[in-house]
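Protein sequences, first through last, are from chains A, B and C. If you're matching positions, the first sequence starts at 6 in my numbering and goes up one per residue. If you're matching positions, the second sequence starts at 960 in my numbering and goes up one per residue. If you're matching positions, the third sequence starts at 152 in my numbering and goes up one per residue.
Just so you know, the hints here were simulated from the structure itself, not pulled from any lab data. Just so we're clear, the structure is a prediction, and the values are computed from it rather than from any experiment. Among these hints, one or two may not hold up.
As the list claims (entries may be wrong) - Below 30 Å or equal to it, Euclidean Cα-Cα: the simulated BS3-like pairs (lysine-lysine) are: (1) A/Lys330 with C/Lys247; (2) A/Lys397 with B/Lys1120; (3) A/Lys240 with A/Lys254; (4) A/Lys278 with C/Lys248; (5) A/Lys171 with A/Lys69; (6) A/Lys306 with C/Lys248; (7) B/Lys1118 with A/Lys397; (8) A/Lys306 with A/Lys352; (9) B/Lys1087 with B/Lys1107; (10) A/Lys306 with A/Lys278; (11) B/Lys1120 with B/Lys1018; (12) A/Lys267 with A/Lys352; (13) A/Lys330 with C/Lys256; (14) C/Lys239 with A/Lys278; (15) B/Lys1120 with B/Lys1090; (16) C/Lys239 with A/Lys656; (17) A/Lys150 with A/Lys196; (18) C/Lys153 with C/Lys239; (19) C/Lys239 with A/Lys267; (20) A/Lys392 with C/Lys256; (21) A/Lys421 with B/Lys1118; (22) B/Lys1120 with A/Lys421; (23) A/Lys571 with A/Lys539; (24) A/Lys330 with C/Lys225; (25) A/Lys392 with B/Lys1120; (26) B/Lys1118 with B/Lys993; (27) C/Lys153 with C/Lys248; (28) C/Lys247 with A/Lys278; (29) A/Lys306 with C/Lys247.
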Amino acid sequence: MAETSTTRLILRKYRAIIIAVTIFAICDIGVMGTNFYSSFQIAESAVSINLSGRQRMLSQRTTKALLLLQDDIGRGAGVVNGDIASLNELRFVVPLFNETLRGFRDGATVRGGDLRPVFLVQVETPASEDFVRETYEIWEPYLEKLRPLFLRTDGTVKIDYVENEKVNYANSFNEAELAAAVTYARENNLKILNLMNDLTTDLETVADQRAVRLRIIQLVGLTIALFNVIYTLFKSISDLVRGDRELTKARKETTEILSTVKEGLFLIDREHKLGSQFSESLSTVLRRNVEPEMPFLPILKSMVPQAVYDNTRDYIELLFGDRVKESLVADLNPLNEVEVEDNLGVKRYLNFNFNRVLEGGAISHLLVTVQDVTERVSLERQLDEAKDRSRKEVEVLLNLLQKEPEMLHQFFNTTKGVLEQINERLRNDDSTQEGRMHLLAFIMRAIHGIKGEAAALGAEMFESYAHGFEQELSVMRDRGEVRGEDFVRITVLLDGFYERLTSLSGIITRSAAKAKDHTPSAVSVEEQTELSFKENIEPLIRRIAADSGRDVSVVFDIADIGSLPKRIVRELNSIAIQLVRNAVKHGIETPQEREAHGKPRQGLIQIACHASDATADQYEFFVRDDGCGISVARIREKLVSSGQMTEEQAKRLSAKELIMKIFEPGFSTASEADRDAGRGVGMDVISEKVLKINGRLVLDSKVGEFTEFRVLFEA
Amino acid sequence: MAADVTALSDIDEREIQVFVEAVSRYFSQITGQKAEIRAAFLTNNERALPVFEFTGMIKISGDYYGAIYFSTDRFLLSRLLQIMNEPRHGEEHLLDAVGEIANTLAGNARQHFGEMMEVSVPLTMDGKESKNLKGLRDRPYVIMVRWKQYEASVIIDIKRKK
Amino acid sequence: MKLLIVDDSSIIRSRIARILSDSRLPAIQIVGMARTGTEAVALFQQHTPDLVTMDLTMPEMDGVESTEAMITLKPDSNILIISALSDKATAIKALKKGAKGFLYKPFNDEQLIHALLEIME
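Given these sequences and hints, build the entire structure.
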């Protein structure tokens, strides 16, 4: 199929030239044919002219011979014998004239000028025919009168000459017969002469016309041929020039494409050798020098593991074979997003694509495109990881939702409320630098609170987001200035938080139906509150302890918490989260430190909630750890080292004033900020929450022994 | 950890900055004084968009879709016209001025986002027309901008095609 | 067109059959389903199908060997490898033995139909 189409293409491309050449051939053959025919005719004409000229001469010779014969006989020879020259002359010229005349009339082979047989064509023009006919009218009676001269001994009369015939003439004519012939000759000789003259003239005219015609035909044919040659020449030259130009243009375009494309582009042939042209980026993409006609496989071999190399070699072979379907094996391309390593050990991902190139229906080459897809692949992997992570996070949340739907709802509502508060504050920003710093502190507290609660729930997804948020906020705070752009960043982060909440709400909604079917458990609401409080705090402590290398046990004494209003429990929950966080991070020492100080390796955290005065609805809630206690010296040191105060200023502060500092935003004694403590927000959050329930916070601590935070409040 | 923070947000602050900077640049080119971000917050889409009396809007389609608004009051626009030596401060001239700023936004967006965004010609609205504008996002971004003592807002309400 | 389905998973076998019956490709008629390579080759000899969908990992005789056996019996067989294999080398091996194309599991209806039509061309 491809072959016929190629032929068709060639035919179309060269049609003009093919036509021109055909015309030239036809002209040539035409002119040659006419030439041949005409020259043949001209030869015939020459014979005719020649012979009609001879007729004139023959008629004269006949008359002359007759007269001579009469004279010879009259002189007394009397009887005639065959040796009389005039008689012989007559017997030669008369048949010759007769056969020639017949030739003119009918067309016949006659004796030519040299007496050899020649074909004399019948005269063609009406004038000539007339001359011949008229001549006959005279000649026939003439010949009749000459017949006695041709009487043979056998009694027959034959005028016509037959070659090699032995003729015996009777020679028996008499004078009267001769005289009659002479008389006739005298009377008609001139007429015959004239007629033959006319015939000659006419024949000559015809010959002239033919010659002219031939010349014209030759001229026309040659002219056509000449034009044809000029056209062909012009056409093919212009085609060549145009073709060259197009080729140059195409080559230039190819070169341009090859020099601009970002992908590596090249052809490989059946011997796996590169083509003569390839894109300039090829060397860059492959990170190695590439030369035309270079074998492809060794290049590959240096880049990929042996197995991939083997597969690729097979794959290329399959593509060069015509059995497999190209589109159905693309998935098997071993060089799809293949990891390569260059000399420096830098890993990248390349994508090679192979496409068959057909030439005349057969696979001649493979077009190979190479792209560096490192960025895309690593992004995809990151995305996959992120997806995987968020899938796990969702699993955690779903799990939580099943076990603690109430908690999750609460978290959702609290967080949403906090975000709304933040946004409201942003909306009402008074744009003084001082106001902004306050706003920032507020946001940090709020986010820190969310982080703690998320951590308590094990909602990693929210915890880490809040942590990242917090980190960015702390950068702004430490800069000591909040810029306009910072607010854009904060809103973006806020929006992201909302997005997370939206997806959480999606999860909650989807599970709502299940929650409805939830059969009420045998435990009371009070017991449930107590239980969920424990379940909330305990894992958090365990996780933080594990993360920070502490060994901690926890004791709860919170039976009374069940009778408290939900609003208060929520706040206590938040307070407890921050307090245990601080207790583990800042209170409990590492097991080694504890041992060194003669304490049990395992630290203890006590969490309790009691009615201190049941009648007056007075309650106390405390978190106590047997850790290192709050060290005034350390607070002072920290204030100085963080540049918040000079050593002088710090020295002037009383112990109480120093301790109060830990409740100010941005204060932390932990040396490194991680997500569990150290950002100096925790205490800040606690005092805010305590205020919310109209409570009082009492701190009791002894260096090296314990720290106790006590919240006194009225239910 | 920090990279994680924006993983769920479909809009990047860089995109927001492009529009805010376009406005800022406009003011510094025309008046020699920059406009600054005063505040930024999210608006709730249950309410109408918080716009001033005069609003210019450009519609976005392509990889992102939605709209960007520039909104301000007559005082700012009058002052701007005054600086530009435009003596006429009628309603239509104020609308023209706000449209002109929106046009700058459009130009910058085209330049910055190229093929990712198709940007419409600006549409201008007075207070009546913009009263009940609704956002597309759940929480459109409102960036409050201050130029001298005047206030304006850039509202970014675009979503990335999923 | 006679089709032989070769796969050790009954789910995949019936899925291919269902896709084909849903697609109303009139030209394709299922002449057999095989669970193992040995079974496949036996059915192949019995029916000489025009088209075979071939799993790679199967008990008794794997897809590569089955492909080879079928090509020996009928060199111009149209065999489409359908496999979840992440090991490209095995699939390439089957193609070297004479299979004409490859389709990844999982596939959707359209991909299967497209692959079959392509291979019959």
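Verify the proposed pairing of lysine 1118 of chain B with lysine 993 of chain B, using a straight-line Cα cut of 30 Å. 28 Å, holds
Distance restraint between lysine 392 of chain A and lysine 1120 of chain B, which requires alpha-carbon spacing of 30 Å or less:
18 Å, holds
- Is the Cα-Cα distance between lysine 239 of chain C and lysine 267 of chain A 30 Å or less? 28 Å, holds
| query | Given the hint that lysine 306 of chain A pairs with lysine 247 of chain C, does the C-alpha gap stay at or below 30 Å? | reply | Given pair lysine 306 of chain A, lysine 247 of chain C holds - Cα atoms ~21 Å apart, limit 30 Å.
**Prompt:** If you draw a straight line from the CA of lysine 150 of chain A to the CA of lysine 196 of chain A, is it 30 Å or shorter?
**Reply:** At roughly 17 Å apart (the allowed maximum being 30 Å), lysine 196 of chain A and lysine 150 of chain A satisfy the hint.
Sort out whether lysine 239 of chain C lies within 30 Å of lysine 153 of chain C, counting only the CA atoms.
28 Å, holds
Checklist entry - Quick one, are lysine 397 of chain A and lysine 1120 of chain B close enough, alpha carbons at most 30 Å? => result 25 Å, holds
Q.
Hint check: lysine 330 of chain A vs lysine 256 of chain C, CA-CA at most 30 Å. Holds or violated?
A. Holds: lysine 330 of chain A and lysine 256 of chain C sit about 18 Å apart, inside 30 Å.
Check: Between lysine 330 of chain A and lysine 247 of chain C, does the CA-CA distance stay at or below 30 Å?
Finding: 12 Å, holds
Are lysine 171 of chain A and lysine 69 of chain A close enough, with their CA atoms no more than 30 Å apart? Given that 30 Å is the threshold and the Cα spacing comes to 26 Å, the pair holds.
task = Sort out whether lysine 248 of chain C lies within 30 Å of lysine 278 of chain A, counting only the CA atoms.
result = Holds: lysine 278 of chain A and lysine 248 of chain C sit about 25 Å apart, inside 30 Å.
For the pair supplied as a hint, lysine 1087 of chain B and lysine 1107 of chain B, is the alpha-carbon distance within the 30 Å limit?
Judged against 30 Å, a Cα distance of about 26 Å means the pair holds.
Hint compliance for this structure: hint 16 is the single one not met.
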